[in-house]
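Given chain W's structure and the hints, the job is docking chain X onto it.
These protein sequence lines are chains W and X, in that order. Start counting the first sequence at 1; every next residue gets the next number (this note's numbering). Start counting the second sequence at 1; every next residue gets the next number (this note's numbering).
Please note that the accuracy of each hint is not assured.
Identical copies carry no separate label here, and so any pair may be met within one copy or between two of them.
[Claimed, not checked] Below are the DSS-like pairs computed for lysine-lysine, each with C-alpha atoms no more than 25 Å apart in a straight line: (1) Lys328 / Lys59; (2) Lys235 / Lys225; (3) Lys296 / Lys235; (4) Lys67 / Lys205; (5) Lys133 / Lys296; (6) Lys205 / Lys235; (7) Lys296 / Lys205; (8) Lys218 / Lys83; (9) Lys59 / Lys131; (10) Lys218 / Lys131; (11) Lys83 / Lys131; (12) Lys133 / Lys83.
No lab work stands behind these hints: they were computed from the structure. This one's a predicted model, so the numbers in the text were calculated from it and none came from an experiment.
For reference, the chains in residue letters:
There are 2 protein chains.
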Amino acid sequence: MNGTGALPLPKRWTQHLEQPFAKRLRRMTYAAPALIAADWGTTNFRLFLFGTDGEIIAKHTANIGLKNLGVLSFEQALLSVMKGDFDRPDLPILLSGMVGSRTGWVEAPYQSCPSSLAAIAATLVDAPSSKLKVKIVPGLSAPADHEGLLNVMRGEETQLFGLSASHGDGVFVLPGTHSKWAKVENGIVEGFSSYMTGEMFQVLKSHSILGDLMHNDKDDEAAFKLGVDRAMADKSFLSLVFSVRTEGLFGHIAPESLSSYLSGLLIGSEIRAESIRHGVRPVGIVGDGTLSNLYKRALLHTGFTDVAIHDGDEASARGLWAIAHEGKLVL
Amino acid sequence: MNGTGALPLPKRWTQHLEQPFAKRLRRMTYAAPALIAADWGTTNFRLFLFGTDGEIIAKHTANIGLKNLGVLSFEQALLSVMKGDFDRPDLPILLSGMVGSRTGWVEAPYQSCPSSLAAIAATLVDAPSSKLKVKIVPGLSAPADHEGLLNVMRGEETQLFGLSASHGDGVFVLPGTHSKWAKVENGIVEGFSSYMTGEMFQVLKSHSILGDLMHNDKDDEAAFKLGVDRAMADKSFLSLVFSVRTEGLFGHIAPESLSSYLSGLLIGSEIRAESIRHGVRPVGIVGDGTLSNLYKRALLHTGFTDVAIHDGDEASARGLWAIAHEGKLVL
Numbered sequence: 001m002n003g004t005g006a007l008p009l010p011k012r013w014t015q016h017l018e019q020p021f022a023k024r025l026r027r028m029t030y031a032a033p034a035l036i037a038a039d040w041g042t043t044n045f046r047l048f049l050f051g052t053d054g055e056i057i058a059k060h061t062a063n064i065g066l067k068n069l070g071v072l073s074f075e076q077a078l079l080s081v082m083k084g085d086f087d088r089p090d091l092p093i094l095l096s097g098m099v100g101s102r103t104g105w106v107e108a109p110y111q112s113c114p115s116s117l118a119a120i121a122a123t124l125v126d127a128p129s130s131k132l133k134v135k136i137v138p139g140l141s142a143p144a145d146h147e148g149l150l151n152v153m154r155g156e157e158t159q160l161f162g163l164s165a166s167h168g169d170g171v172f173v174l175p176g177t178h179s180k181w182a183k184v185e186n187g188i189v190e191g192f193s194s195y196m197t198g199e200m201f202q203v204l205k206s207h208s209i210l211g212d213l214m215h216n217d218k219d220d221e222a223a224f225k226l227g228v229d230r231a232m233a234d235k236s237f238l239s240l241v242f243s244v245r246t247e248g249l250f251g252h253i254a255p256e257s258l259s260s261y262l263s264g265l266l267i268g269s270e271i272r273a274e275s276i277r278h279g280v281r282p283v284g285i286v287g288d289g290t291l292s293n294l295y296k297r298a299l300l301h302t303g304f305t306d307v308a309i310h311d312g313d314e315a316s317a318r319g320l321w322a323i324a325h326e327g328k329l330v331l
Numbered sequence: 001m002n003g004t005g006a007l008p009l010p011k012r013w014t015q016h017l018e019q020p021f022a023k024r025l026r027r028m029t030y031a032a033p034a035l036i037a038a039d040w041g042t043t044n045f046r047l048f049l050f051g052t053d054g055e056i057i058a059k060h061t062a063n064i065g066l067k068n069l070g071v072l073s074f075e076q077a078l079l080s081v082m083k084g085d086f087d088r089p090d091l092p093i094l095l096s097g098m099v100g101s102r103t104g105w106v107e108a109p110y111q112s113c114p115s116s117l118a119a120i121a122a123t124l125v126d127a128p129s130s131k132l133k134v135k136i137v138p139g140l141s142a143p144a145d146h147e148g149l150l151n152v153m154r155g156e157e158t159q160l161f162g163l164s165a166s167h168g169d170g171v172f173v174l175p176g177t178h179s180k181w182a183k184v185e186n187g188i189v190e191g192f193s194s195y196m197t198g199e200m201f202q203v204l205k206s207h208s209i210l211g212d213l214m215h216n217d218k219d220d221e222a223a224f225k226l227g228v229d230r231a232m233a234d235k236s237f238l239s240l241v242f243s244v245r246t247e248g249l250f251g252h253i254a255p256e257s258l259s260s261y262l263s264g265l266l267i268g269s270e271i272r273a274e275s276i277r278h279g280v281r282p283v284g285i286v287g288d289g290t291l292s293n294l295y296k297r298a299l300l301h302t303g304f305t306d307v308a309i310h311d312g313d314e315a316s317a318r319g320l321w322a323i324a325h326e327g328k329l330v331l
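Isolated chain W, as found in the complex (with noise of 0.2 Å):
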């Protein structure tokens, strides 16, 4: 193996796929091995092998999120999962994600938007390992909306190089616990902010009277847009938010529909802030499934015509390898 050579999957791979797919595989190939990387969160750990043309040869997840790893080192844990494909301690090793954070491997300090991937790639944390070569992505911190107020993120500002490489520039959201919105201009993030909006769900849902009428939740369209609506067209968040427990009492939305009308109220509230900030601008949202579907009815209820969802794994991956390529881990 060369380390830039294209050869043919191996027959053992594929001999036992299904006939279509395995033979488009046989006729595809993979360059060898160049990097190993990682999106490494709080709950999360996905793993990627790249090869030499920055494809992905195989990917790999895991349950040692930090709050998983227990008596594990991160060295330890990382070690336990580079095994078959990723058997290859002799590559570079890039992370990105909580693994930064001060409770993390080491901490990888936050660089300031606005920020490129050059400057991201100039500032890779070393890992202290005796046996990998590991490099940690930092994190991204903007102003927010009053004077020494802080937004963060960290694994996030890999996705949004990510998809700045594979899709260009604009503004990107990010849902999910604390979502984010993001702006990308000329492939630099220019700035971002947070909301609450996921776990603030959670929580009135599960520990708040709001969630004593709930009842069999179903995805209730007219609800969710409901909610939405009243969002876009409120300020007072505290007050708004109270109508669940009203609309509930007073039998306007039924039991199985009061979530779906919360979740429309928290997005619509998110939407709005961005609204006033961005204008009706395309939005990329990044993640996948329930929840992206969900912001991306919302944004195409309350105006927003070019709309995308971007998968979020893949974005990683792609940020990954940018990150690595910019900062010359790999060739």
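Here is chain X on its own, set in the frame of chain W:
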């Protein structure tokens, strides 16, 4: 006892009291008992015995809030506290609060704002009881910021009519789990709005990431005011509230002061919305202790100059008497 006469207090009531107070008390007289009334809520129960002159002869509290009733019926629970001075099943009884809700003794349907003392007194509902003459005060409903969306209150309407009777018109805030702001003009409750402020504080502190960094909470005036200021200037609650996390992470606000900061953000959000609604007018705060003082501090800090605190029990008692009088339960 002729029902209207004024009698001296029995000596056995005063003989063990310290001298100056006992002397003063001995000079006082009390009118014959005329009404038993209670503010009966989900957790609280406050019982009053009124004389024919509307003054309070005796007070009693008991742990028979709706959620603590156990196997007792409402009639049994009420009879259980009608002892001593209150052993007067012949007197008319007036109740306000959640006892009039759908899960209470009997439903006293919400009356719509604008609503007057006369309107409320005309819609008292008889509770089913073979032993007692019980009437229940209806709650109030008011349109919220969106068509079809209602605010509701039970118990607070009685406090508002009490304050109106003793202090006249005004804007009143009733801080608490679900804070309410009401406007009373010409003795009529014109409308009100609700905020999930108190409950939001509790669920975020106890069940969200925002509580994680809080330790040894102290009352920090600077952090509280910072929160109020930021809330007054910001429109996006879901974004701003997340700063409790970042300000803690960056060490800008100490762990023991984060709770004050969150409190400021929440109360500030409420004041912001109501400032827009009412402008800077005199405000009466209804309630006791720490919470009322926090609201007073926040209101004064944001430019309100005429801020008074009114005792909540006193307001309830004044309101119960005013409604009973208007409804001719007493002469």
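Q) Of the numbered hints stated previously, which ones are contradicted by the structure, given in increasing order? A) 5, 8, 10
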